[in-house]
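Based on the hints, put chain B with the ligand in the right spot on chain A.
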Amino acid sequence: MTDRPMLPIIPSATAPTRPATLLHDRTPDLIDVGAHQLCPGCGEPVALRAIVEAVAELDLTRACVAVFGIGCYTAFSNNLDIEVVQALHGRAPSVATGLVRARPELTVLTVQGDGDMVNEGLQEVLHAAARGERIACFMLDNGVLGETGGHMTAATPLGQRTKNTLEGRDAARHGHPIELSDLVARLDGTRYVARGAVNSAVNVHRTKKLIHGALRARQHGFALVEILTMCPTGWFVDTTEAPDYLVQRRGPDQILGVVKDTTRPTT
Amino acid sequence: MIAVAPTPLPAGSDVIAAAMVAAGCRFFAGYPMTPFTEILEAMARRLPQAGGVCLNAESEIEAIGMCWGAAAAGTLAATGSTGQGLSLMQESLAEMALARLPLVVVDMARGQGDYFQATRGGGHGDYRLPVLAPIDVAEAVAHVKLAFTWAEAWRTPVLVLGDYYLAHTHRSVAEPTRSTPLPPPWSLDGTTGGSGHAKLISPLGTTKQRDGLGGEAGYDLSVHYHDAAARTATMLRCLPPQTESLYLDDAELVVIAYGTPAAYVRAAVRELRARGARVGYLRPVTLVPFPSAAIARLTGSARAVAVYENNTGQALDDVRLAVEGRVPVRWIGGLSMDASGFGIAPDLDVRILSRRIEEAMP
Ligand code: SF4
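Going down the list, the sequences are from chains A and B. Numbering of the first sequence is given in our numbering, commencing with residue 33 and proceeding in unit increments. Numbering of the second sequence is given in our numbering, commencing with residue 883 and proceeding in unit increments.
Next comes chain B alone, as it looks inside the complex:
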């Protein structure tokens, strides 16, 4: 008999790292923090093999600064952290959006308390970042690819919002193929120096202020901020909001959840359906742009909507804005975590969720 050693399934973090490298990411910088750490470890292992660079930065602030430089040089760059580390990165995230630099940020959050941080942008000023919230490792792989596509196409940071479950679920996913994209024409390589039109990448824009003497000096911020606002509006109009749904045709109650907790909510809804309850399930897959129109349309014939998330009610606001009072919105979420604080939630139990959903039935 031949003994075959079982191949261990890779952890979500490793699969996500592989997906980033496959999407063309050749620069990564980060600072360890649970539950993001393993992505940094995997990138440190994988990137050099792919001819890329992974730097262990001194802080999240420096990590994103390094990515800023690599992105300006036309290298597809990514960083990540958990909510606390993301707080430190916000200044640069906001300004990279203004400097029109592509970047993918993987936020392995602790629970879902950072929904506002992710979707509103914890940074200053008038900007929006596209945000994707995968439900599982397989979808995370697709989202990583999409995030780089959007980041390149719109020259903006894009956020992939995951959590402890996503980072630590072991799952087999086909290893994606590798590609190395060419540096885009706007990126810097030094060669336009001395041409009279040397390239500039700046969060202050590139429009010069008239100095009143026939020359041009300094930045014209009014032109720049108006342009940036117009570009953001176009981006949000063009990016397709995505949803996943089940049993909406005759649902009296539609339960809304996002990210990995949605997998538990989906299972609870399936079970309740099997028992004959007229309950449906709807998941915003993109958090920015938020699928407001789809939520309004798909919950139109329901008698109530319920929202589950592992926080004190953040996406709840967006759902309320989407249904605009047409149906009552009931809260079935709440903070749930074990003593570690890393986002492991005792509430993510199909029995607990089923009971809450039943109680919310109209």
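Isolated chain A (complex conformation):
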């Protein structure tokens, strides 16, 4: 019936002789409590983990402030062990601007979703990029407003099903998606743009490198990493199918990797 290996069976007929103990706590150092209320299979906690691990790896823990937008990931804004300013939907790049202008020695990053950054906050991110603000913005992009229950965003790919595009997003009826990374890359204040994904262990590893790139590049100007994340709930797909659905919906059109990097000398 199934070819999956059997998991070890824990006897339940008799009481265990010893209470359960935690053998391996895999919560990253900078996340206070690993428990969260996000859906199983959600890509956002994976992306967040990658971001905070990168902060620690670059030794920025005590010199960093993260600005959070509003989305499912907001649940983490009071779970991190780095300083956080919780902002409103769409407003994080302006808040980050105020922070970094007031304290230029800080590494200021934003965590936003695609609804937050491309719908409500498009103007803010474009202007912050054009001004060349020394901030690193991370967009967790799943193509839906997950928190409201899976509604279309400006970044929803054509054909993707959402609560208000039940037949799939159709250009004639719902307009074309905005490719934020490409748009931001064209601005002169932008030093670094990359697109990552957390649908596989390999991609998580690659994305981590892109996050490192952005955190370094923000010393010179604006940096953005778009991280494609899974939202099985908003996509109406099985948890285990979400990574494949991400590839199917986003993969063909979206190149993963560095889109722009002007911090390196051109060869």
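Since the hints were derived computationally from the structure, they do not count as laboratory data. Note that this is a predicted model, so its numbers are computed, not measured. A couple of the hints might just be wrong.
What the hints assert, rightly or not - Here are the simulated distance ranges between beta carbons: (1) W1068(B) / R296(A): 37 to 45 Å; (2) W1068(B) / G283(A): 52 to 60 Å; (3) C1120(B) / I287(A): 55 to 63 Å; (4) G66(A) / W1068(B): 26 to 34 Å; (5) E137(A) / S941(B): 56 to 64 Å; (6) G66(A) / P1067(B): 43 to 51 Å; (7) G66(A) / A1176(B): 39 to 47 Å; (8) A67(A) / A1035(B): 54 to 62 Å; (9) T59(A) / A1111(B): 30 to 38 Å; (10) S941(B) / R58(A): 40 to 48 Å; (11) T53(A) / P1067(B): 32 to 40 Å; (12) L90(A) / A1020(B): 35 to 43 Å; (13) K195(A) / P1210(B): 40 to 48 Å; (14) N196(A) / P1067(B): 44 to 52 Å.
Beta carbons: idealized from backbone N, C-alpha and C, even for Gly.
Positioned in the frame of chain A, the structure of chain B with the ligand alone reads:
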């Protein structure tokens, strides 16, 4: 003979900007809009000299967002606009009150149509911002200082409500001395990261929700909103309401006005007094907290109260609530503006106001 070039008197906007810098403001962001624009210009000139930052934002929404970030970093921040721009800022104003962030907002309104916006808060939710309404440039300087003091002490946005007259009256005021306050202990500088107690500034509060598994995840909004309401109530109880008054002892009619139009009303009342009319003058200096108790007490022996404001009747409601029907409240205000719409009021003429006051005499 030595020719001495006359030094031009500074405009109200410039004096207000100087007062902000003197009060310790080191961050300003704004978007030009008449009659607020000159304050932005003056801050752009003055702040860099004082080691501060002034940003020309892409919109009022971004201006206040930038101030949010600077305030979180412990820098005294201010922004401003006129009523229309303030409408755009309301979401952030409401949430900054919940996030406990100090901010001073100078609202150079067009006329007095924005009294409700200023005192009720055009934003969502259950919050109140202290509001000061200076009568002239000299008082505006004092109010700017007070606004920063209140903003810091209560960790809240505070509004200074002015208008075209305040921004554009040229007047000599002693240049205040400068100070740079230290960042407060709650502000962010990154250094608590990795300590196990990293600081958080959030309009959602800092209380965590129990996840039922022995850990804590997400925000507990019920605790936060109750705490915020209790803090607001304490603030409103502790802030002293202020008034200015004239000839109240034997006044049969007390005329109430606020902001720069009150200067014209005050002049009209003085003139009528000189002619023997038993008329008094009372000005709410703080609009939030509204001096309701003082109004009730000081109008107690009058036979009527009259309200002047340049709108269709907004503070009128607060005066009515304050006197609670003990004396009749008469309306002598009304919309008055020239074609520019910037709040220049042909009605602000002592003769016109005197006539209206005489007609309202009991
Ligand atoms: S709705 Fe989507 S984005 Fe939100 S927690 Fe669930 S899976 Fe994650």
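Each hint, compared with the structure:
1. The hinted window of 37 to 45 Å between W1068(B) and R296(A) holds, with their beta carbons roughly 40 Å apart.
2. Taken as a hint, the range 52 to 60 Å is violated for the pair W1068(B) and G283(A), whose Cβ atoms sit roughly 45 Å apart.
3. Checked against the hint of 55 to 63 Å, the C-beta distance between C1120(B) and I287(A) comes to roughly 59 Å, which is consistent with it.
4. The supplied range of 26 to 34 Å is met by G66(A) and W1068(B), whose beta-carbon atoms lie about 27 Å from each other.
5. For the pair E137(A) and S941(B), the supplied restraint of 56 to 64 Å is violated, since their beta-carbon distance comes to about 28 Å.
6. For the pair G66(A) and P1067(B), the beta carbons lie near 29 Å from each other, so the given range of 43 to 51 Å is not met.
7. A hinted range of 39 to 47 Å is violated for the C-beta pair G66(A) and A1176(B), which are about 56 Å apart.
8. With their beta carbons about 38 Å apart, A67(A) and A1035(B) fall outside the hinted range of 54 to 62 Å.
9. Look at T59(A) against A1111(B): about 35 Å separates their beta carbons, and that is inside 30 to 38 Å.
10. Against the hinted window of 40 to 48 Å, the Cβ-Cβ separation of S941(B) and R58(A) comes to about 43 Å, which satisfies the hint.
11. In this structure the supplied range 32 to 40 Å holds for T53(A) paired with P1067(B), their Cβ-Cβ distance being about 39 Å.
12. One distance hint, 35 to 43 Å for the beta-carbon pair L90(A) and A1020(B), is violated here, with the actual separation near 52 Å.
13. At roughly 57 Å, the beta-carbon separation of K195(A) and P1210(B) lies outside the given 40 to 48 Å, and the hint is violated.
14. With their beta carbons about 46 Å apart, N196(A) and P1067(B) fall inside the hinted range of 44 to 52 Å.
Comparing the model with each earlier hint shows violations of hints 2, 5, 6, 7, 8, 12, 13; every other hint is respected.
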